[in-house]
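Asker: Single-letter residue listing:
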Amino acid sequence: MTVDLRPTLAVWKFASCDGCQLSILDCEDELLALAGAVHIASFTEMSRARVEGPYDLSLVEGSITTAEDAQRIREVRESSRRLITIGACATAGGIQALRNFAQGGEYARAIYAHPEYISSLSTSTPISAHVQVDLELNGCPIDRRQLLEVIVAELVGRRPVIPGHTVCQQCKVRGTVCLLVAKGIPCLGPVTRAGCGALCPAIDRGCFGCFGPSEGANPRALAQQLLDGGMTPADASRLFATFYSGNPVFGDQAQTLARSGKAGGSGDASEVAGAEEPT
Amino acid sequence: MTHGSGARRTVSVEGISRVEGEGSLLVEVRDGVVEEVALTIFEPPRYFEAMLRGRRASEAPDITARICGICPVAYQMSACGAVEDACGVTVDRRIGELRRLLYCGEWIQSHALHVYLLHAPDFLGCQDAVELATLDRAAVERGLAIKKTGNRIMEVVGGRAIHPVNVRVGGFYRAPSRDEVAALAEPLRRALDSALATVEWVAGFEFPDVEGEYRFVSLRSPGRYPIESGRVVSSDGIDTTASGFADLSVEEHVARSTALHARIEGRLDYLTGPLARYALNANELPEVARQAAAAARLGPVCLNPFKSIIVRAVELVFACHEALRLVEAYEPPDLPAVAVPARAGSGAGATEAPRGLLFHRYELDGDGLITSARIVPPTSQNQIIIESDLRRVVQGALDLSDEELTWRCEQAVRNFDPCISCATHFLDVTVVRS
Numbered sequence: 001m002t003v004d005l006r007p008t009l010a011v012w013k014f015a016s017c018d019g020c021q022l023s024i025l026d027c028e029d030e031l032l033a034l035a036g037a038v039h040i041a042s043f044t045e046m047s048r049a050r051v052e053g054p055y056d057l058s059l060v061e062g063s064i065t066t067a068e069d070a071q072r073i074r075e076v077r078e079s080s081r082r083l084i085t086i087g088a089c090a091t092a093g094g095i096q097a098l099r100n101f102a103q104g105g106e107y108a109r110a111i112y113a114h115p116e117y118i119s120s121l122s123t124s125t126p127i128s129a130h131v132q133v134d135l136e137l138n139g140c141p142i143d144r145r146q147l148l149e150v151i152v153a154e155l156v157g158r159r160p161v162i163p164g165h166t167v168c169q170q171c172k173v174r175g176t177v178c179l180l181v182a183k184g185i186p187c188l189g190p191v192t193r194a195g196c197g198a199l200c201p202a203i204d205r206g207c208f209g210c211f212g213p214s215e216g217a218n219p220r221a222l223a224q225q226l227l228d229g230g231m232t233p234a235d236a237s238r239l240f241a242t243f244y245s246g247n248p249v250f251g252d253q254a255q256t257l258a259r260s261g262k263a264g265g266s267g268d269a270s271e272v273a274g275a276e277e278p279t
Numbered sequence: 001m002t003h004g005s006g007a008r009r010t011v012s013v014e015g016i017s018r019v020e021g022e023g024s025l026l027v028e029v030r031d032g033v034v035e036e037v038a039l040t041i042f043e044p045p046r047y048f049e050a051m052l053r054g055r056r057a058s059e060a061p062d063i064t065a066r067i068c069g070i071c072p073v074a075y076q077m078s079a080c081g082a083v084e085d086a087c088g089v090t091v092d093r094r095i096g097e098l099r100r101l102l103y104c105g106e107w108i109q110s111h112a113l114h115v116y117l118l119h120a121p122d123f124l125g126c127q128d129a130v131e132l133a134t135l136d137r138a139a140v141e142r143g144l145a146i147k148k149t150g151n152r153i154m155e156v157v158g159g160r161a162i163h164p165v166n167v168r169v170g171g172f173y174r175a176p177s178r179d180e181v182a183a184l185a186e187p188l189r190r191a192l193d194s195a196l197a198t199v200e201w202v203a204g205f206e207f208p209d210v211e212g213e214y215r216f217v218s219l220r221s222p223g224r225y226p227i228e229s230g231r232v233v234s235s236d237g238i239d240t241t242a243s244g245f246a247d248l249s250v251e252e253h254v255a256r257s258t259a260l261h262a263r264i265e266g267r268l269d270y271l272t273g274p275l276a277r278y279a280l281n282a283n284e285l286p287e288v289a290r291q292a293a294a295a296a297r298l299g300p301v302c303l304n305p306f307k308s309i310i311v312r313a314v315e316l317v318f319a320c321h322e323a324l325r326l327v328e329a330y331e332p333p334d335l336p337a338v339a340v341p342a343r344a345g346s347g348a349g350a351t352e353a354p355r356g357l358l359f360h361r362y363e364l365d366g367d368g369l370i371t372s373a374r375i376v377p378p379t380s381q382n383q384i385i386i387e388s389d390l391r392r393v394v395q396g397a398l399d400l401s402d403e404e405l406t407w408r409c410e411q412a413v414r415n416f417d418p419c420i421s422c423a424t425h426f427l428d429v430t431v432v433r434s
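As given, the protein sequences belong to chains A and B, one line each in that order. Residues 1 to 279 (our numbering) are what the first sequence spells out, left to right. Residues 1 to 434 (our numbering) are what the second sequence spells out, left to right.
Please note: incorrect hints may appear among the correct ones.
Which stretches of chain B does chain A cover? Using the computed rule of at least three CB atoms under 8 Å from a CB of chain A, they are [to be verified]:
1) 60-69
2) 141-149
3) 333-345
Ranges of calculated distance between the beta carbons of each label pair, as one might list FRET restraints [unchecked claim]:
4) V181(A) to E265(B): 52 to 58 Å
5) G175(A) to G212(B): 55 to 61 Å
6) G229(A) to R137(B): 54 to 60 Å
7) R30(B) to S122(A): 37 to 43 Å
8) F101(A) to E211(B): 46 to 52 Å
9) G197(A) to F207(B): 40 to 46 Å
10) E149(A) to G212(B): 42 to 48 Å
The set of hints was computed from the structure by calculation and includes no laboratory data. Quick caveat: nothing in here was measured; it's all calculated off a predicted structure. For every residue, glycine included, the Cβ atom is placed at its ideal position computed from N, Cα and C.
Chain A extracted, bound-state conformation:
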């Protein structure tokens, strides 16, 4: 019997949509090569086979929203040499972190006839709030090219090339005309981390921040510009409070805007969609 010297990879899921781990299976051209270079030892969405740890590399998707998961992530950490979070949920709490701003129990009561059957924490927190994380990969969902870069970098033992600059800068590289300046379309590009490829502005849509805050982001300045452009504080608050409300850079700005909105009257709009953005 030959000894398998390949590094072992494990993929874990917490509260999430499965989209980031699907990114692995979406590497259609690379999947079989990847499965040759590493031993996929535990990946429930893909395989029945499960090899006991320890694992050389764990990829963690999802946020911590139950007491059981808070314990399980400690066990995952203990069995992993390196632990990388993949996506907005694992890195910042995800869209479900919106519950962090709600009154206790309000969310469960809104959906379940018997909230007493549900044992769920009142917060959705990132993995880093519970255990040491070696690298965080952002995005809702992550970009599969960035994922491959991270895995390859881990395999050869170098630092991955993951930019910390903004979507705004990516637009300049792509040659996309600035929506905020030229068309007055609200856009989070100036404060959002690059990595998606600046997809939205290229289709005449303002960035909605699905890769989270960039390094050194100044959301306050952008918020003022959005308000100056005629956006209501309530709408600006919603824009900051979607996929990365669990990251204080966006979350605090959203809260500040929400408070100023209440002080200054609620916003209104005559259209669900269509009027504020040119088509």
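Given chain A, work out where chain B should sit, using these hints.
Answerer: Showing chain B alone in chain A's frame:
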């Protein structure tokens, strides 16, 4: 894992794999009779219906997409449908056709994923597609190539394969150019050939001899196999709108599950998904898909849940053929989106996610804000049927060893391509014999 001996046996597995999400299954057998089957979903709840309250209706497609990374387009399309219904808006034909093309991309991606990577390994005794590739690399590569074509459609039309960015209430942010869409034709022709080979491949698998009794529910759309629109119909005579069906449907909250169980009022359970769509709409399939189904000896109605893999493969043929038709007929809409003026009211949207009917119902206020939301995913609707199917499958397979019986149970769950992330809103397997 197997423990116990003689007449008392317990079989347990810590997590059914190759499904999307987390849960467990308990089967209790006493004196050769299956007494209890309980599907427990422990996927933590994420409270989407609560998150939507106070959000703009225009945000619903992006927020609800995050319920499921495997079928985000289904969520986006049902959300758009519900908001547009509430606001009394109908999109024009070309926008509707572009939505159908995008949705074909998701069907192709999701069905190829399920058939090749999640379900086929069971029939061939493999732990996963990586092991399957060691036996038949060409098959796995064929599946991955089909899947890639589905994702390519989602990228061209939707802007991104997972959580597309180009969908908005009223239509799209930007309609793709003729050239961008035309470039999809060649990969789709290859995918269509591969989909036909897929039907032939899966039709050759061995299937457990079991048939269910199902009340089927799916959309129906005259002249076309249902995807993004249609009326909700059933095998026992329901024929209603999305809104009408939302009125008929009730959800129960049971202690063991964070997913609500959906039934038709009067405690009637029903099945949604490929078997239901095929039974209620096979006559609408294009000739190439009908011939493939006939060659696979499928018949007009398929009641063997294990053969859902053949139906999925036939739908793969359909989706490739339909996408190719839409690509060849593509004309960009005059405007990528129609305006959707806000008005107070309620609306419902129902579409066919790859794994079954998905409906949303929203109440909106006059400012375009969501005041309440209800989202009923396919796995919530199928949960009761999955349990009754398992009871039948286990009862007919008690001669299997514990190891084999456990695997059979897992396979039976995977017949439904369940999305537990969606439903929680799934899987340890435990079989107790005494």
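Asker: Hint numbers the structure violates, sorted upward?
Answerer: none
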